[in-house]
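Based on the sequences and whatever the hints tell you, model everything.
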Amino acid sequence: MACRSPVARRLSPIAHVSVALFISVLAIAACGLIYELVASALASYLLGDSVLQFSTVIGTYLFAMGVGSWLSRYLARGLVARFIGIELLVGIIGGFSSTLLFLAFAYTTAFRLVLYALVVMIGILVGLEIPLLMRILRDRFGFREVVSNVLTFDYLGALAASLAFPILLVPKLGLVRSAMLFGIVNAAIALWSTFLFANLLGARRSMRAACAGVLATLVIGMTQAKRITTIAEDNIYSDEVIFSRDTRYQHIVLTAWKDDLRLFLNSHLQFSSRDEYRYHEALVHPGLAALPGARRVLVLGGGDGLAVREILKYPNVESVTLVDLDPEMTRLFASHPLLTKLNGGSLTSPRVHLVNADAFVWLDGNTDVFDFAVVDFPDPNNYAVGKLYTAAFYRALERHVSRGGFFVVQSTSPLFARQSFWSIVETLKRAGLTTYPYHVYVPSFGEWGFTLAAAPEAPHYSPPAILPAPLRYLSAPEVAQMFTFPRDMQPVAVEPNRLNDQVLVRYYEKEFDAINR
Amino acid sequence: MAINRREFIAGLIGAPALVRLTRKAPPQIAGGFVDDGMKAGHALRDGTGAPTPRERQRVAVAIVGGGISGLSAAWELDRRGLHDFVVLELAADAGGNARSGANEVSAYPWAAHYIPVPGPRATLVRELFEELGVLRDGDWEERYLCFSPQERLFMHGEWHAGLEPEFAMSLGDREQFRRFGELVASHRASGEFTIPSALGMVRASPLDRISMQAWLRQHGFTSPRLLWYAEYACRDDYGASLSQTSAWAGIHYFASREVDEQGPLTWPEGNGWITKRLLAKLGHHVETSAPVLRARHEGGRWRLTTPTTVYDADAIIWAVPAFVAPYVVDELRGERHQTSFVYSPWLTANLTLDRWPAEHGIEPAWDNVIYDSPGLGYVVATHQSLRTFQDRTVWTYYHSFAELTPEQARRELLTRDWAYWRDRILDDLARAHPDIRDCVSRIDVLRLGHAMIRPTVGFLTATERAQPRKLSRFFRAHSDQSGLSLFEEAQYHGVMAAREAMAVVGGRLSVAGSR
Chain A
16 MACRSPVARR LSPIAHVSVA LFISVLAIAA CGLIYELVAS ALASYLLGDS VLQFSTVIGT
76 YLFAMGVGSW LSRYLARGLV ARFIGIELLV GIIGGFSSTL LFLAFAYTTA FRLVLYALVV
136 MIGILVGLEI PLLMRILRDR FGFREVVSNV LTFDYLGALA ASLAFPILLV PKLGLVRSAM
196 LFGIVNAAIA LWSTFLFANL LGARRSMRAA CAGVLATLVI GMTQAKRITT IAEDNIYSDE
256 VIFSRDTRYQ HIVLTAWKDD LRLFLNSHLQ FSSRDEYRYH EALVHPGLAA LPGARRVLVL
316 GGGDGLAVRE ILKYPNVESV TLVDLDPEMT RLFASHPLLT KLNGGSLTSP RVHLVNADAF
376 VWLDGNTDVF DFAVVDFPDP NNYAVGKLYT AAFYRALERH VSRGGFFVVQ STSPLFARQS
436 FWSIVETLKR AGLTTYPYHV YVPSFGEWGF TLAAAPEAPH YSPPAILPAP LRYLSAPEVA
496 QMFTFPRDMQ PVAVEPNRLN DQVLVRYYEK EFDAINR
Chain B
496 MAINRREFIA GLIGAPALVR LTRKAPPQIA GGFVDDGMKA GHALRDGTGA PTPRERQRVA
556 VAIVGGGISG LSAAWELDRR GLHDFVVLEL AADAGGNARS GANEVSAYPW AAHYIPVPGP
616 RATLVRELFE ELGVLRDGDW EERYLCFSPQ ERLFMHGEWH AGLEPEFAMS LGDREQFRRF
676 GELVASHRAS GEFTIPSALG MVRASPLDRI SMQAWLRQHG FTSPRLLWYA EYACRDDYGA
736 SLSQTSAWAG IHYFASREVD EQGPLTWPEG NGWITKRLLA KLGHHVETSA PVLRARHEGG
796 RWRLTTPTTV YDADAIIWAV PAFVAPYVVD ELRGERHQTS FVYSPWLTAN LTLDRWPAEH
856 GIEPAWDNVI YDSPGLGYVV ATHQSLRTFQ DRTVWTYYHS FAELTPEQAR RELLTRDWAY
916 WRDRILDDLA RAHPDIRDCV SRIDVLRLGH AMIRPTVGFL TATERAQPRK LSRFFRAHSD
976 QSGLSLFEEA QYHGVMAARE AMAVVGGRLS VAGSR
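As you go down the protein sequences, you meet chains A and B in turn.
The working numbering puts the first residue of the first sequence at 16, with every later residue one more than the last.
The working numbering puts the first residue of the second sequence at 496, with every later residue one more than the last.
Think of the hints as simulated: they come from the structure by calculation, not from any bench.
Check before you lean on any hint, since a few could be wrong.
What the hints assert, rightly or not - Far from chain A, by Cβ distances over 12 Å, these chain B residues were calculated: (1) E753; (2) V754; (3) G794.
What the hints assert, rightly or not - In silico contact screen, one side only, chain A against chain B (beta carbon under 10 Å); selected entries: (4) P186; (5) Y264; (6) A491; (7) Q517.
The model shown is predicted, which means the values in this text are computed figures rather than measured ones.
Beta carbons: idealized from backbone N, C-alpha and C, even for Gly.
Structure below.
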């Protein structure tokens, strides 16, 4: 090889140094591809339409790389220092790209602008890397060799990154930490370069200090990733999060904005304090007010104590048994001042007995009988909860309802989930019960449905003429009207839900997919 | 499902926090081999351990073997009013392939774990299930039918619903599945493929003369997915590969089942639930750890020797596999090593999981199969629980040794230690659940050297099946007579043997209950 510069003579190309150099090419290429994939994946998750997102992000990114390559001609002197500077910039911008994108989505309306700005910036910087590196290495090796080796390792790195991303990085680290990890790789290469090209570098010490600073920032970022996700979560719930806890059973989040208190279980809205009275009055009173002699009432689910609050308005009710799976849920709603204000301290009433148990197993394991029962479970969005909406469950429940009594089931929306609603009604019929479906409008939920069910030998249900006081929504004429269904909510032909064939979960999934685009 | 994108992200960015970056030493996994009766069985074979029985007992019928065929024979005798019988079981627990275990998490099966919803011709099964409250007024009790989701298949890095490898199927694959379905339907319509099989068998089927592999080839089936599916069925029901299974048996698997089956029927402890219910009623007739070491015909009666007792019986119901008989029954000693019956070895394991492993695709099902795995997958024992929330679970892992000869497989079972099977099982499961090792706290392994009869080519016409050696007052009840190791077959043959036995000892009915 012809030595063209004094540099090369001083360094003399040793095999392992060149291997190390090409491995850093590989790492740089991998980093570049990871940022591109992180941006594409994030855009797909947040905006949907993955084909569009991947296509536009990759296109923009490649174009920006072209811009970078073109710009590289204007960098003439101090190539090594420039290269290190670029590495550090890529490391810090790329490393925090997914964090920035999450925060942009949570806090701004300009997510797309931030996305493409970041993609362009990273693309330009990555586009600068390889031409610069080639020019630095040109002084060491023959041109033919440099082009061949650099491009080979560049493409190898791309392959490694594209395989590692879906298989290892996303499942093990997630998007936030994956990007940071590769930011660290970029910064580490910068630091390493200060030693590798020490002879070509002027301000070595300050360069190294900058590298150390960037590395430290990224490492701290990695360790604080959990906090970042929490900040992002605050915004996934649009209001301020005042309580958040992962219990053994679920993720409980309470948010507050002015006087609106909202409960989310596993990110599903359970109630908004602004209109929950509509839901809970409609859940309890059409049934319970029609049973003036009711003394014992059972509530399954409903650990928020709001249905119990309505039940306690009946002086004739002597005891309420509340069965809820999660002790943290009932503890929270029995003690948090904002929540006890909302449920009127219902869970600490001497008339109320709390049981923390899995409802189906609890029903199977005792013989208590109740005059009225309220079934207030989360919507049947998976096979586990779906077990609580089966004919077998309703048969087990019926054994706990006294002669002449009935029970009411929250039955999801007859408008958005029409098949699901009527499948629940069909399931109750399949269990041999007489059904009286009705519905109410709850602004934060939309049209919502309930079903009263009674044993076939029970007297025919008729809506109550007298309701307890005080109520905010229901009146006797209102109750009577709830049992008529307008055209777009009328019965459809559906199958009952059974333990061995949970059609309800499939109806529900299909119907909510259709509106949750 | 109503997961919105925000919720998805919350999970996506939250989940990594749970995954430790650096791996600690893998947690200790407890466990070992469970008692498989191998020692007692081999002592029988080798004639070791001279018995010194001290007691003598007189019974009308001695049932040898406390598996489903033996217990079904007992059930039949009992409900027909003959109570003077004893069931002699070699192992410490009755049940045979319908044995089960339990720990603090769940009850779990050791072998057979379900029964397809019986068709109209399986009258005996229906009668038993009416007695046990599984069938009421023509309706199957919902909580005994397998809950949703029932089956899933791991393929291309993801779990898919159902066992047919439908994911990304080519047009050719689809066409072959359709044609296969049509052929099966025509065989089903012929009425020859029934459960119990004896009811449909009017003549020896020509399909008994070729292997399932040859039959599939003859009909031009080449789709790797269809072949996998057909072989999975043979491995799962017969412990045999396509080439080791007769076409009759291979087709029987598909053609004997109802098209719109709503089942199967299953319980956390699998068919052990039926064993428990039968034992609750008949357990006082059952002697466990009571291997029959010798049986001989003397003076018109059978004399059976167990380690503690000599029984004088008017009749024997033979409810253990046929290959054992020449080692025990004096009159059959000449037939050792002559048998053409082949028995498939199996390995089952129960894994206790302290948490559910990570995975992709649909929710855990009852039966979970990994495509192209040497194992048969796993069944979730807690699937039939009525709970909505379960943080711990028990999985029953099944492995039949279709890739080896039965002799090779038995040698493997005898020589390999527990740690070997632990690693093999975990390696297999890790394909679908990369973090399985961090979830499992215990693995108990059961080795079954002769788990089930194998319906090999020519099985139906083999002389020892078609014309078994007739002995006086000796009635064969084991399911190996049918070539299909199914609950329904075991029950059918058990009940039929009981009826034959009652016909000859009928005279003793007057002293029923004298025992």
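Could you work out which earlier hints the structure fails to respect and list their numbers in ascending sequence?
Number 6 - this is the single hint that the structure violates.
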